[in-house]
Structure formats: structure tokens, C-alpha cells
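Chains as they are written, first to last, in my numbering: chain W, 1 to 375; chain A, 1001 to 1171; chain Z, 2001 to 2184; chain S, 3001 to 3189.
Heads up, a few of these hints could be off.
To be verified - For lysine-lysine, the following DSS-like pairs were computed, each having C-alpha atoms within a straight-line distance of at most 27 Å: (1) Z:Lys2123 with Z:Lys2151; (2) W:Lys302 with W:Lys178; (3) W:Lys216 with A:Lys1060; (4) W:Lys178 with W:Lys216; (5) S:Lys3038 with Z:Lys2151; (6) W:Lys294 with S:Lys3153; (7) S:Lys3012 with S:Lys3023; (8) S:Lys3133 with Z:Lys2151; (9) W:Lys302 with A:Lys1060; (10) S:Lys3153 with W:Lys302; (11) S:Lys3133 with W:Lys178; (12) S:Lys3153 with S:Lys3167; (13) W:Lys289 with W:Lys240; (14) W:Lys330 with A:Lys1125; (15) W:Lys289 with S:Lys3167; (16) W:Lys178 with S:Lys3087; (17) W:Lys294 with W:Lys240; (18) Z:Lys2123 with Z:Lys2096; (19) S:Lys3153 with W:Lys296; (20) S:Lys3133 with Z:Lys2123; (21) W:Lys294 with S:Lys3167; (22) S:Lys3153 with S:Lys3087; (23) W:Lys296 with W:Lys330; (24) S:Lys3133 with S:Lys3023; (25) W:Lys178 with W:Lys294; (26) S:Lys3012 with W:Lys178; (27) W:Lys240 with A:Lys1060; (28) W:Lys178 with S:Lys3023; (29) W:Lys289 with S:Lys3153.
Stated by the list, open to error - Here are the in silico distance ranges between beta carbons for each label pair: (30) S:Lys3023 with W:Pro243: 32 to 42 Å; (31) W:Pro202 with Z:Leu2021: 43 to 53 Å; (32) W:Glu15 with A:Ala1140: 47 to 57 Å; (33) Z:Leu2018 with W:Asp185: 40 to 50 Å; (34) A:Arg1058 with S:Lys3133: 46 to 56 Å; (35) W:Glu188 with S:Tyr3036: 40 to 50 Å; (36) A:Arg1110 with W:Ser134: 19 to 29 Å; (37) S:Gln3130 with W:Glu15: 49 to 59 Å; (38) Z:Gln2067 with S:Gly3015: 51 to 61 Å.
The set of hints was computed from the structure by calculation and includes no laboratory data.
Quick reminder that beta carbons are idealized off the backbone N, C-alpha and C, glycines included.
Here are the chains, one letter per residue:
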Amino acid sequence: MSTMSLEPVRGRTDEMIVNMGPQHPATHGVLRVVLGLEGERITRAVPHIGYLHRNHEKIEEARSYPQVIAYTDRMDYVSGTQNELPFVLAVEDMLGIEVPDRAKKIRTMFFELYRLASHLVWMGTAMLDLGAISPFLYTFWDREIILGIVEKTAGARMLPNYYTFGGVRRDVHPDFFKDTADFLDHMERRMVDYEHLVLESPVVHARTIGVGVLSKERAIARGVSGPVLRASGVAYDVRKAFPYDAYPDVEFEIPTSPDGDTYARFWVRFQEMYQSIRILRQLVELTPKTGPHKGKAPARIKPPAGERYRAVENSRGELGVLVVSDGTDKPYRVKHRGAAFSNLQIVPDLFVGAKFSDSIAILSSLDPVFGEIDR
Amino acid sequence: MEVRMKQERLFDEDVYTVHPEDYRALCERLAAEGYDFPRAISGLDMGYGLRVTLQLTRMKDLAKVTVRTDVPYEDPVVPSVTDLWPGVEWYEREAYDMLGIRFAGHPDLRRILLEDEWALHPLLKRYDTGGYPLPGWEPAPWPDPEPWTPPPPPEPEPEAEGEASEGGEAS
Amino acid sequence: MGLLGSDERPRDIILGTLDDLINMARSRSMWPLTFGIACCAIEMMATWDPKIDADRFGMFFRNTPRQADVMIVSGTVNKKLAKRLRRLYDQMAEPKWVISMGACANQGGPFRQGYSVVEGVDKIVPVDVYIPGCPPRPEALLQALLLLRDKIADRELRYQKPREIPADYDVLAEPGKDGRLPVL
Amino acid sequence: MSLLQEVWQAVKAIGTGMATVHKRVYEDAPTEFYPYVKPDLPPVSVQSLALVENEDGSERCIVCLQCERACPAQVITIERHRNPEGKGFLIDRFDIDLVNCMYCAACVEACPVSSIVTIQDFEMSTYDLQTLKADIDFLHEQARRARQWYSPKFGVELRTEDGRIEKAPPEMQPGGLAELLKPAEEVDS
Chain W
1 MSTMSLEPVR GRTDEMIVNM GPQHPATHGV LRVVLGLEGE RITRAVPHIG
51 YLHRNHEKIE EARSYPQVIA YTDRMDYVSG TQNELPFVLA VEDMLGIEVP
101 DRAKKIRTMF FELYRLASHL VWMGTAMLDL GAISPFLYTF WDREIILGIV
151 EKTAGARMLP NYYTFGGVRR DVHPDFFKDT ADFLDHMERR MVDYEHLVLE
201 SPVVHARTIG VGVLSKERAI ARGVSGPVLR ASGVAYDVRK AFPYDAYPDV
251 EFEIPTSPDG DTYARFWVRF QEMYQSIRIL RQLVELTPKT GPHKGKAPAR
301 IKPPAGERYR AVENSRGELG VLVVSDGTDK PYRVKHRGAA FSNLQIVPDL
351 FVGAKFSDSI AILSSLDPVF GEIDR
Chain A
1001 MEVRMKQERL FDEDVYTVHP EDYRALCERL AAEGYDFPRA ISGLDMGYGL
1051 RVTLQLTRMK DLAKVTVRTD VPYEDPVVPS VTDLWPGVEW YEREAYDMLG
1101 IRFAGHPDLR RILLEDEWAL HPLLKRYDTG GYPLPGWEPA PWPDPEPWTP
1151 PPPPEPEPEA EGEASEGGEA S
Chain Z
2001 MGLLGSDERP RDIILGTLDD LINMARSRSM WPLTFGIACC AIEMMATWDP
2051 KIDADRFGMF FRNTPRQADV MIVSGTVNKK LAKRLRRLYD QMAEPKWVIS
2101 MGACANQGGP FRQGYSVVEG VDKIVPVDVY IPGCPPRPEA LLQALLLLRD
2151 KIADRELRYQ KPREIPADYD VLAEPGKDGR LPVL
Chain S
3001 MSLLQEVWQA VKAIGTGMAT VHKRVYEDAP TEFYPYVKPD LPPVSVQSLA
3051 LVENEDGSER CIVCLQCERA CPAQVITIER HRNPEGKGFL IDRFDIDLVN
3101 CMYCAACVEA CPVSSIVTIQ DFEMSTYDLQ TLKADIDFLH EQARRARQWY
3151 SPKFGVELRT EDGRIEKAPP EMQPGGLAEL LKPAEEVDS
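Produce the entire structure from the sequences given, and follow the hints as far as they go.
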């Protein structure tokens, strides 16, 4: 097959070519990696992507601006509304739409709720890859609570199409703040359990510490962002670097770890969940209970000709979008910068030299989501 | 070395529009200036040619910069910058896959999202959403090459590439 | 899918009854294949979470197609994936069933006009149950699984429509292969 | 690390894990026994679409084509003709392709008269896709079967036992109560 660019080297009998995916329980979707193995050691790794290429960027050129929001949802499908935000911010910038303070805070609350949901899915599936089943059951249990809160307001569980230009589509449910506060209490108790099950487990230690080390310079040069970058010791977070929405109003820290190994990436995601809980706690207090949820936006969204790049820090890293407008009601070009797309590039770097079974742990620590990678 | 380019300020980033022959030289200069984090390379069909947009961030002080260069449809070759920023490797492959921009010096320029056998570069404006040629599509005339020659004083208004976008409307 | 491997309605009383018995057993132990593709895959995982808990009906994920009975196509199938999907289907042992989950798998959904998306997984493999939704709730998947269970066990439904396996891979061809697209 | 330490580590880890898992044994199981117990969905939940008629059986839809324009997935097909007597338009054809619909509720947001609404009937799995190509009768039937539905203009509405349509009590409504409790005629212009 021509996509298999990794031909066995003529005359070498000690190297075995192993194909992993696209249907593999541990590839988090439809990734295909062709591995060259010498015994247990990986000598070469070539990732093949595109098995979920859904022509997002082409089809978004044929849709009007409000319609594109519904499509952006389907990119990083684990983290719902987070995908809508860069596009919405970019168009708001181009049009100069003012967003009311309360709408910003509601958006940020949803953003952080979905970050928790996404990290819970990551934790469940990553531990499933490492052979533990109970964390999957517990994290999905907790995720259902988040999705319940979201559904009560936004009307859908995963892909709610909730943000809009100038705010959010509808006001939050009257119980939203109380539900969120209750959930945070619940989540804080649960985090103790998760630490026991994941971070303190010697099985996880044995599988992850010192595995797949990514150096700081390599991480930056490869364009890696999000928890993977922060686990390599770079305190780059779009929420702090280029603040958007209500992030300037809340206090939080950027957890970093100097190690750069798989365990560090696990640890950073855990700390991010604590920070999310902290942000949500503040926002439950800060958000006005009544007020406008939507600013004044023109009826027909027609940004002036020009282009705008906006980025947000979603669960996987810097999710950006370059919107090019030609003055009509349809975007001329929408280019998504997927965080997982950049993060997945380091697969060859990390796999080569690792053991075959470590590749599963490394891959799950990168947390790829193929809707965003293949678009 | 003299770099033929136009510099402007767009929101919070510097935008350099550069002649394709000088693209590599400018990138080397930016790499030497410490721009180390490659955000993305976007391919873009302008209606008269193809545009490559490279976006960089400097981790030290979070300065952002965008480099743009336009190449004609007939010979869309842009020098690759994978040796300066290895993180753009897949983005260059994607731009090749989607728009057919060839990056000279790229170590592994293959299709990335579509299958290797395909001849289609689907994001070109001459195709409709389904990948079929649009009837009656004609490339727009190439705009003035003038914007590269004199580096004018930085424009205060965040009004970018107006004339370039108009060219794209021809489809 | 009968005992004798025939799709025709068995007329024999003894074998027909035995067939029903076997199909009842089959319908109580449907093992889906772990084959998550896109958004719907997350909801598919959520169907096996403690809240919905499809394990109650004797359904457990199998990681290899050789052991699986049901393929849940949970997401957009594009032309690159379609060959692999068909191969997975071919690798599954008879009897086998396919559930098409979500708008994309049904008919391409919101992406159906695009150049790379297969407009419906039923162009590649025969589909038994369709679930609308984008993505469907976990309960909707469970309802579809129960519908499939009825279909396996129910004689009338089982023989309603003979299964047609799409023969070739026509849909996988590139739009340009029929001569309408100039090669650049 | 000595062997003894390793053994102790292992025992401790297994103990912690067992204790953590054991804690859950006494919690209430979150399982909803779905086919026997239907889930209690929030009233705004978007599971399917319906076309509501007025109480007297006349059409609420004014055929303004807003929903067709707003639909991202382009699944709504409407044909209309001008009403020969009186003003406005009459429906020739109103199809929603519920197979390809992405359930984003953009059409419901766009509808000026809250004719097209979201309902919570998620049990739509089928052996045959053609049953999901909804025409106007199908959509009316969906609305007649529904006990309650939601639209941004009117909020949650209920169908009473005797077939009348009522606004749901405030505790069932989503946020933004003040807008919703306005009389319907004001919005309908």
C-alpha cells in the first residue's frame, strides 16, 4: 500500500514492521501508526492521520458565519463549546462586537466545565489503556453530571452550539450556579480518589515515569502546546498569555513540571483540573445572577474584509482559528489550528527508543482527539 | 540582505507581506530574532494565487508575528522552513495536501489527510464543496506587485489586505 | 443467519424452532466491536458507563473483529477509512450486524456535501439499525441495541429484508476518477 | 529500593486502591434503568424537531423561510405559494431531513413565531432510514404526541389533557424568565 511509506529495509531481518490502527482500542480514535520494532524497542514510527478528515474547512467556506459555529463544535468533540470560542472571538474582533461582562463569565464557566469533562474522559481512557477499568467508570460517572448541567441550559450534552456572537444563545438555567457549586463540592471529594487511583498508583509510576521524555526546546520547536508543553516546563498558557473572556478577572496558576515525561503530563492535567475547579469556584461567586447574556450583534454577520487569528487554551492546548473575510456573509477561509494536530507531531520523537508497550502510555498522555487533528 | 516586504500592524501582531523569493531570508531573520514557537502555516487560495501564512510566537515576550507570501497558481513553490521550526512539518504537508503548495526542501512532502493517490487539492476555490470543478471559474488578475517594493511607514489602521481580498471575490 | 446459514425463511418445524432458540441466545449476548470513530464514539463509551450501563444486557466490547458480533459505526466514515471499515466488517465472523450511529454514519450528516465523506455507511456495509442524532444520546444507542436484539430474535423482522452486502468499493473513488476533474 | 520496601509499596498501593474502590460500594448506583425508566430530560433538551399547530388546528408557521436559511446542515426544504385570499403564504412542502440534521436548534432560534420547536423524543432509532425523512404530517404528528416542547420565544409550552397549549410554570422554564413571561402577542409581529 502506498500510504505505508515505511518499507522494511532490504536485507534486515531483525526489524519487524507493525501496523497499529486505525482500529485499535488504544489509539483514541482512528490514528494509524506504523512502527518499526527491534525486539521490544521502537526504531521508527510513522503516524498516518486523515481517517476522520471531514472537510471542515471546505464546508465552512460554504456556510454563513452563524452556521459555522455549529460546525466548529464537531472538531474537538470531547470539549464541546471550547471549539466555538476562537471563531466567535475572531468574528467579534472583526466586527467590534461588545460582549457583556456576564456573558463573558458564563462563557468562561462553560469553557472550564468542558475542560473538566474533557480531562475526565482523558483520565478514564488513559487508565483504560494502562489496564485499569475502575477509573473509566468513575470519570464517566462524573462527566455525566457535567453534561447534565450543560444540557439543562444549552439543550445538548456534547455539542451544544451554545456560544454566539456577542455572548451566549440563551440565559443559563436558574439552577445553573447552584448545580455547578454542588458539582464542584462533589468533584473536590472525587479528586482525592482519583489521586489515589492514578497519580499514586505504583503501576502508573512504573509505566510512566521516565517514559517518553520531551525536552523543553524540542517541545517549543515542535509547536506543542497545552498540558504537553507545560509538562516540559514551559509556562505558556493562552489564558494568561493572551487573556480572553473572563480570565483576567479570576486567579489561577499555570502548573508546570520540569520533567517532560509521561507522568509529568498526567500530573499537569491533574493540576489543571484543580485550577479549573478553582476558576469555577470564583466564577460562581463573581457572575451576576441576572443581567444580559448577549450583547448587541448585527442581524446579518458580515465582517469587513480582513483577517483575524484568535486562539484559546482548550483542553489540549492552543486552539486557534484564522478567519479570512472578504466582506460577504460567508467566511472566505477558516483555518483551524488544532492543538492536538501539533501535539501529535511529536509521536515519532517520543516513540523512537521507547518500548512498544510504552507507546500506549505515551499516546494516551498526548490525549489526541481526531476530530480536531483531521478536521 | 534587503528583504522586499510590506510591514503592517494587525490587531496585536506584526504582519509581513513578503516576496516569495525573500520568504526564506525573512524567516531566517525571524528565527534569529528569537521567534521560536510556530503556531501554524495556513494555505489560502486568494483567487489570483496561493498564499502561505506563517504564524509565529516568541515565547520570551509573547510577541506575535505573521509572515505572508503569495505565489502564482502555475508554480506554487515556497521554501520550506521545517529546519527552522520542526513544528511546521505537518502544516506544510497539510497546505500541500489541501492546496498543492509545494514546499521546497521539505523532508517528507506527502499528502497527510487525503489518500496518496488523489489528484485533488480540495481547498482551491476552483472546486466546489464536493470536489468538482466550478463551471466558469477564472483566476483573478494578479494584483500589483508594488506592495513589496517600498517599505512604507507602519499604517496606524488595522485594515489589512483589502485589495488582496477583493481579488478573491472574483469567484 | 439461520442455523443452516441460509437467509431464507426455514420451513422445517424442528430446525426452525432450534433456529429461534439459537437466535434468542445470540440476541442476549451481542458483543460490539470497539471501533470509535468520532463524536458518537464518546457517547458510545458513555453507553457503557455506570449511568446507562449497557452491560446489563450482556453486551461487552471486544477489541478484535474476530470476536465481535455487532459493529457500531460511531461517526463519520470518509473515503480513506472506508476500505478499513469494510475490511473490519469482512473480518467479523457470521452472524454479524451493523448499527449506524449518528447522522454522519447514516447519510453523511452535516458533512455529506463534502469531497471526502462517504454518504452513509450503508454504501459499504449492510446496516441493520440506524440511529439519528448528532450525536445521539447514550439512551438512543441503547434503544437501537435493543431494537437490534428484537430483530435478531424476531423471526418476522429477521426475514423481512434479505441482507445485501454492497459488492464493490465504488463510493471510495475520488471525485475526479470519473473524468470530471482535471488533474493539476 | 530493597525487596521489603517494594513489597510494602505494592501492598500499600493495592490497599489504597481497594479502599478507594470500596468507598463507592456504599454510594447509590447512578444507573438509570433506561428501557424501563425513561430519563428525565430537561425541557430545553434538543432531541428532535416538531412543527406546532395552533390550538384550533390552523398552521402556526408563516412560511418565512428563516429556518431554511439558518440551518447549517441544510436539511430543511420548504416550498410555498402566496395565499390567494388574505395575506401571507401557504405551505406546499415542509420537509426536514431528520437523518442528516445536526440537532443544533438553529432553526428553532430563527423561527419568529415559534412554530418549529424542539422536543425530547430521542427514541427514533429505526430499521429503515426513510421513516426519518420527515414531511409536514410527520412533524405535526411529532408535536401532537409531545407533552411539552421548547422554543426560545415562548419558552417551554405544555399540552394539557384537553388539547390546549399552555405556558409551562416558571420552575420548568430555562433562564431569562422575564422575557418569557411576556404575552405571546407582543413577540408575534
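For each hint, the structure was consulted:
1. Z:Lys2123 with Z:Lys2151: The hint holds at about 21 Å.
2. W:Lys302 with W:Lys178: 38 Å, violated
3. W:Lys216 with A:Lys1060: Holds, at roughly 13 Å.
4. W:Lys178 with W:Lys216: Judged against 27 Å, a Cα distance of about 41 Å means the pair is violated.
5. S:Lys3038 with Z:Lys2151: With Cα atoms ~22 Å apart, S:Lys3038 and Z:Lys2151 stay inside 27 Å; holds.
6. W:Lys294 with S:Lys3153: OK: W:Lys294 and S:Lys3153 at ~15 Å, within 27 Å.
7. S:Lys3012 with S:Lys3023: 16 Å, holds
8. S:Lys3133 with Z:Lys2151: Given that 27 Å is the threshold and the Cα spacing comes to 22 Å, the pair holds.
9. W:Lys302 with A:Lys1060: 36 Å, violated
10. S:Lys3153 with W:Lys302: 25 Å, holds
11. S:Lys3133 with W:Lys178: 40 Å, violated
12. S:Lys3153 with S:Lys3167: Holds. S:Lys3153 to S:Lys3167 sits at ~11 Å (cutoff 27 Å).
13. W:Lys289 with W:Lys240: With Cα atoms ~26 Å apart, W:Lys289 and W:Lys240 stay inside 27 Å; holds.
14. W:Lys330 with A:Lys1125: 14 Å, holds
15. W:Lys289 with S:Lys3167: 24 Å, holds
16. W:Lys178 with S:Lys3087: 49 Å, violated
17. W:Lys294 with W:Lys240: 25 Å, holds
18. Z:Lys2123 with Z:Lys2096: 17 Å, holds
19. S:Lys3153 with W:Lys296: Holds, at about 18 Å.
20. S:Lys3133 with Z:Lys2123: Answer holds: S:Lys3133 to Z:Lys2123 is near 18 Å, not above 27 Å.
21. W:Lys294 with S:Lys3167: 24 Å, holds
22. S:Lys3153 with S:Lys3087: 23 Å, holds
23. W:Lys296 with W:Lys330: Distance ~20 Å between W:Lys296 and W:Lys330 Cα, so the pair holds.
24. S:Lys3133 with S:Lys3023: Between S:Lys3133 and S:Lys3023 the Cα gap is close to 49 Å, so the pair fails against 27 Å, i.e. violated.
25. W:Lys178 with W:Lys294: 22 Å, holds
26. S:Lys3012 with W:Lys178: 38 Å, violated
27. W:Lys240 with A:Lys1060: 14 Å, holds
28. W:Lys178 with S:Lys3023: 26 Å, holds
29. W:Lys289 with S:Lys3153: 21 Å, holds
30. S:Lys3023 with W:Pro243: 32 to 42 Å: Between S:Lys3023 and W:Pro243, where Cβ atoms are some 39 Å apart, the hint holds.
31. W:Pro202 with Z:Leu2021: 43 to 53 Å: 49 Å, holds
32. W:Glu15 with A:Ala1140: 47 to 57 Å: Holds, since W:Glu15 and A:Ala1140 (Cβ atoms, about 52 Å apart) stay within the stated range.
33. Z:Leu2018 with W:Asp185: 40 to 50 Å: Given a distance of about 57 Å, which is not inside 40 to 50 Å, the answer is violated.
34. A:Arg1058 with S:Lys3133: 46 to 56 Å: 55 Å, holds
35. W:Glu188 with S:Tyr3036: 40 to 50 Å: 34 Å, violated
36. A:Arg1110 with W:Ser134: 19 to 29 Å: 42 Å, violated
37. S:Gln3130 with W:Glu15: 49 to 59 Å: 53 Å, holds
38. Z:Gln2067 with S:Gly3015: 51 to 61 Å: 35 Å, violated
Against the hints set out earlier in the document, violations occur for numbers 2, 4, 9, 11, 16, 24, 26, 33, 35, 36 and 38.
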